[in-house]
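Just so we're aligned: 91 in the working numbering is position 91 of the sequence shown, and the numbers increase by one with no gaps anywhere.
It should be emphasised that the hints constitute simulated quantities derived from the structure, not laboratory data.
One should not assume that every hint holds.
So the derived label-pair ranges between C-beta atoms look like this [stated by the list, open to error]: (1) V109 with D204: 29 to 35 Å; (2) R224 with P201: 33 to 39 Å; (3) A105 with V167: 32 to 38 Å; (4) R115 with V205: 34 to 40 Å; (5) S228 with T93: 40 to 46 Å; (6) A16 with S228: 28 to 34 Å; (7) V162 with V187: 17 to 23 Å; (8) V59 with S197: 38 to 44 Å; (9) W170 with S197: 37 to 43 Å; (10) I199 with A105: 15 to 21 Å; (11) S178 with T32: 39 to 45 Å.
All C-beta atoms in this analysis are idealised placements derived from N, C-alpha and C, irrespective of residue type, glycine included.
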Amino acid sequence: MITLQHNTAPAVPEQAAWAGLQVVLLCLLGGTVGLGPPGWLVGLAYGFGTWVLLSAAMVRFRVRALGPADRVTLGRGVLVGGVTALVVDGAGTTVLVVLASVALALDFVDGRVARRTGTTSPLGARFDMEVDAFLILVLSVHVAGTFGPWVLAIGAMRYAFVAASAVAPWLRGELPPSFARKAVAAVQGVLLVAAASGIVPFADVFVGLALAALVWSFGRDVRRLRRSRVPVATAATPVKGCSRV
Numbered sequence: 001m002i003t004l005q006h007n008t009a010p011a012v013p014e015q016a017a018w019a020g021l022q023v024v025l026l027c028l029l030g031g032t033v034g035l036g037p038p039g040w041l042v043g044l045a046y047g048f049g050t051w052v053l054l055s056a057a058m059v060r061f062r063v064r065a066l067g068p069a070d071r072v073t074l075g076r077g078v079l080v081g082g083v084t085a086l087v088v089d090g091a092g093t094t095v096l097v098v099l100a101s102v103a104l105a106l107d108f109v110d111g112r113v114a115r116r117t118g119t120t121s122p123l124g125a126r127f128d129m130e131v132d133a134f135l136i137l138v139l140s141v142h143v144a145g146t147f148g149p150w151v152l153a154i155g156a157m158r159y160a161f162v163a164a165s166a167v168a169p170w171l172r173g174e175l176p177p178s179f180a181r182k183a184v185a186a187v188q189g190v191l192l193v194a195a196a197s198g199i200v201p202f203a204d205v206f207v208g209l210a211l212a213a214l215v216w217s218f219g220r221d222v223r224r225l226r227r228s229r230v231p232v233a234t235a236a237t238p239v240k241g242c243s244r245v
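Could you put the whole structure together from the sequences, leaning on the hints where they help?
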């Protein structure tokens, strides 16, 4: 988990700087792989959307500035913006694989930074989760172009779960920590990147197995939540476990 750290430094200038980095990355992509108008449009929309949503979350949780782990996650977010632009534009597969691989690798860094600095929080964990989920969604869209629309289920499953929780609030309950859940989630990104590279034999089989594991993981958590019907934790209340929502 990561945190949006409390201190007295103003958040807005730094947020603007990160949005500027997103533009810089898009410029680099435009100069190297020839990013077209669709990629530019979506990349800029992604950067602006990240700025707005994260700033709103910081206001809601009364957090004024970013912590060290949050900066790592925002760096990952900038890379995800580049991946998104490339997927929409249908260009630069090699660069896409590199950016996505770095973003996935940094997923192991922000959590360690947060734990070592003692700055973990529910808000930080949610931020990390959203970056992960969106990267998986974008990668599944890219790989679906090769293997078929069934791959979209990998990226859409978490968002379908969130939508279902609006109808069934018990799905927002707290879940116990699970190594299996983390492992299954990590495998999705790794195998999707491997499939996107086009150099892994039988990649469709491995992606299919990843989807099966994800269905099993979500199914197990849904059963647990249905049995326990744990009250929904409020955003201001620290949670000991975790949630998929």
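Tell me the hint numbers this structure goes against, listed in increasing order.
6
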